[in-house]
Amino acid sequence: MIYEGACHCGAVRAKFETASVPRLRFDGCSFCARHGVKSASDAKGSLRLDAEVPLTRYRFGHRTADFLICPVCGVYIATCMDGPNGPVGVINVVGLDIPQLRDLTPDQASFEGETEDTRRARRLSRWTPMTLSEPNAEAGAGT
Amino acid sequence: MSERRTGGCHCGAVRFAVEAPRGAPAQTCNCSLCGRLGYIHLIVPESRFRITHGEDKLTRYTFNTGTARHLFCRICGVKSFYRPRSNPDGWSVNLRCLDDPDALGAEISTFDGRNWEAHAGELAHLSAEGAP
Chain X
1 MIYEGACHCG
11 AVRAKFETAS
21 VPRLRFDGCS
31 FCARHGVKSA
41 SDAKGSLRLD
51 AEVPLTRYRF
61 GHRTADFLIC
71 PVCGVYIATC
81 MDGPNGPVGV
91 INVVGLDIPQ
101 LRDLTPDQAS
111 FEGETEDTRR
121 ARRLSRWTPM
131 TLSEPNAEAG
141 AGT
Chain G
144 MSERRTGGCH
154 CGAVRFAVEA
164 PRGAPAQTCN
174 CSLCGRLGYI
184 HLIVPESRFR
194 ITHGEDKLTR
204 YTFNTGTARH
214 LFCRICGVKS
224 FYRPRSNPDG
234 WSVNLRCLDD
244 PDALGAEIST
254 FDGRNWEAHA
264 GELAHLSAEG
274 AP
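Protein sequences appear in the order of chains X and G.
Our numbering puts the first residue of the first sequence at 1, with every later residue one more than the last.
Our numbering puts the first residue of the second sequence at 144, with every later residue one more than the last.
These are computed hints drawn from the structure, not numbers from a lab.
In this text, a Cβ means the ideal position worked out from N, Cα and C, and glycines have one as well.
Incorrect hints may have been included.
Unchecked claim - Derived coverage of chain G by chain X (criterion: at least 3 residues anywhere in the stretch with Cβ under 8 Å from a Cβ of chain X; other residues may be distant):
1) 147-156
2) 163-172
3) 195-208
4) 256-270
As the list claims (entries may be wrong) - Derived SDA-like pairs (lysine to any residue); straight-line CA-CA distance at most 20 Å:
5) X/44 / X/71
6) X/15 / G/175
7) X/15 / X/46
8) X/15 / X/4
9) X/15 / X/99
10) G/200 / X/54
11) G/200 / X/2
12) G/200 / X/99
13) X/15 / X/2
14) G/200 / X/104
15) G/200 / X/57
16) G/200 / X/17
17) X/15 / X/104
18) G/200 / G/155
19) G/200 / X/71
20) X/44 / X/134
21) G/200 / G/217
Starting from the given sequences, assemble the full structure and let the hints guide the process.
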């Protein structure tokens with residue numbers, strides 16, 4: 001199944017393909033609480049992000065991943081990091097307004113207390129292999 | 144009685160202060176923008192809101208009629224407050240961005256922003272000076 005969405009202004013579009021029924025997560029962290037996030041990913045799926053403008057990258061905490069934000073409308077799109085086989089990412093189905101997913105109830109998760117290594121391993125086992133296309137930036141998670 | 148409450152974006156660049164009584168009304172909204180942000184409105188009169196830090200870090204976004212002035216932190220993207228089209232004489236604070244949202248004990252209702260014209264009048268009184 002292919003799920004498609006976009007930020008409010010339309011400058012960023014996402015295409016998330018997965019053979020599984022997506023399970024949404026809300027981790028309750030201070031960033032996700034402020035942005036009203038529900039997250040989805042599938043390590044066996046694929047994700048493509050197409051941006052018409054260079055995205056805002058925000059880092060906090062362990063600073064091991066880029067939180068991608070549309071610089072035009074402020075919508076939080078996805079988070080990504082580089083893995084051994086290329087970038088992997090997790091999307092915000094609320095910010096992308098994916099109709100089949102946005103209203104589903106998320107599982108509560110908490111990743112507090114993870115070490116940097118544990119966090120990276122968890123992400124690599126769950127996040128979606130992805131490509132990112134944006135102007136003035138090479139495809140990939142970037143830094 | 145209104146109490147002073149503080150809040151801000153995630154990275155800390157943008158901070159605000161707002162006066163609101165415990166149990167103040169707040170609204171979720173299903174419009175195309177609020178839906179994407181999970182925005183929860185706490186609408187107050189002009190005199191009860193103040194930007195205390197980081198006004199220069201705000202990016203402005205407008206669409207449709209251009210009346211509402213949507214503002215978000217250009218570093219972390221968080222929309223802590225804005226000038227709503229329904230209440231251009233006041234401010235809407237994002238309940239999610241209060242330092243202690245639970246302490247407000249807001250009475251949260253749903254606002255049908257997808258049919259804005261039919262319902263905006265329900266919110267107009269919230270920015271009137273002298274509102275409780």
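Count the residues of the segment 163-172 of chain G with a beta-carbon closer than 8 Å to any beta-carbon of chain X: does the count reach three? violated (count 0)
Residue 15 of chain X and residue 175 of chain G: Cα distance at most 20 Å? Answer holds: residue 15 of chain X to residue 175 of chain G is near 19 Å, not above 20 Å.
Checking one constraint from the list: CA of residue 200 of chain G to CA of residue 217 of chain G, max 20 Å. Satisfied? Between residue 200 of chain G and residue 217 of chain G the Cα gap is close to 6 Å, so the pair holds against 20 Å.
Hint check: residue 200 of chain G vs residue 71 of chain X, CA-CA at most 20 Å. Holds or violated? holds, 12 Å
Mind checking the alpha carbons of residue 44 of chain X and residue 134 of chain X for me, to see if they're no more than 20 Å apart? This hinted pair is violated, its Cα atoms lying about 24 Å apart.
Quick one, are residue 15 of chain X and residue 46 of chain X close enough, alpha carbons at most 20 Å? holds, 8 Å
With the threshold set at 20 Å, check whether the alpha-carbon distance from residue 15 of chain X to residue 4 of chain X stays at or below it. Since the Cα atoms of residue 15 of chain X and residue 4 of chain X sit roughly 5 Å apart, the hinted pair holds (cutoff 20 Å).
Is residue 200 of chain G close enough to residue 54 of chain X, meaning Cα to Cα at most 20 Å? holds, 18 Å
Decide if the proposed pair is consistent with the structure: residue 200 of chain G and residue 104 of chain X, CA atoms, cutoff 20 Å inclusive. Since the Cα atoms of residue 200 of chain G and residue 104 of chain X sit roughly 34 Å apart, the hinted pair is violated (cutoff 20 Å).
Next pair to validate is residue 200 of chain G with residue 155 of chain G; report whether the Cα-Cα distance is within 20 Å. holds, 10 Å
Cut-off 8 Å, C-beta pairs, minimum 3 residues; does the coverage of the segment 195-208 of chain G by chain X stand? Holds: 3 residues of the segment 195-208 of chain G have a Cβ under 8 Å from chain X.
So if I understand the rule, the pair passes when the alpha-carbon distance is 20 Å or less; does residue 200 of chain G with residue 17 of chain X pass? Between residue 200 of chain G and residue 17 of chain X the Cα gap is close to 36 Å, so the pair fails against 20 Å, i.e. violated.
The structure fails hints 2, 4, 5, 11, 12, 14, 16 and 20 (numbered hints given earlier, in ascending order).
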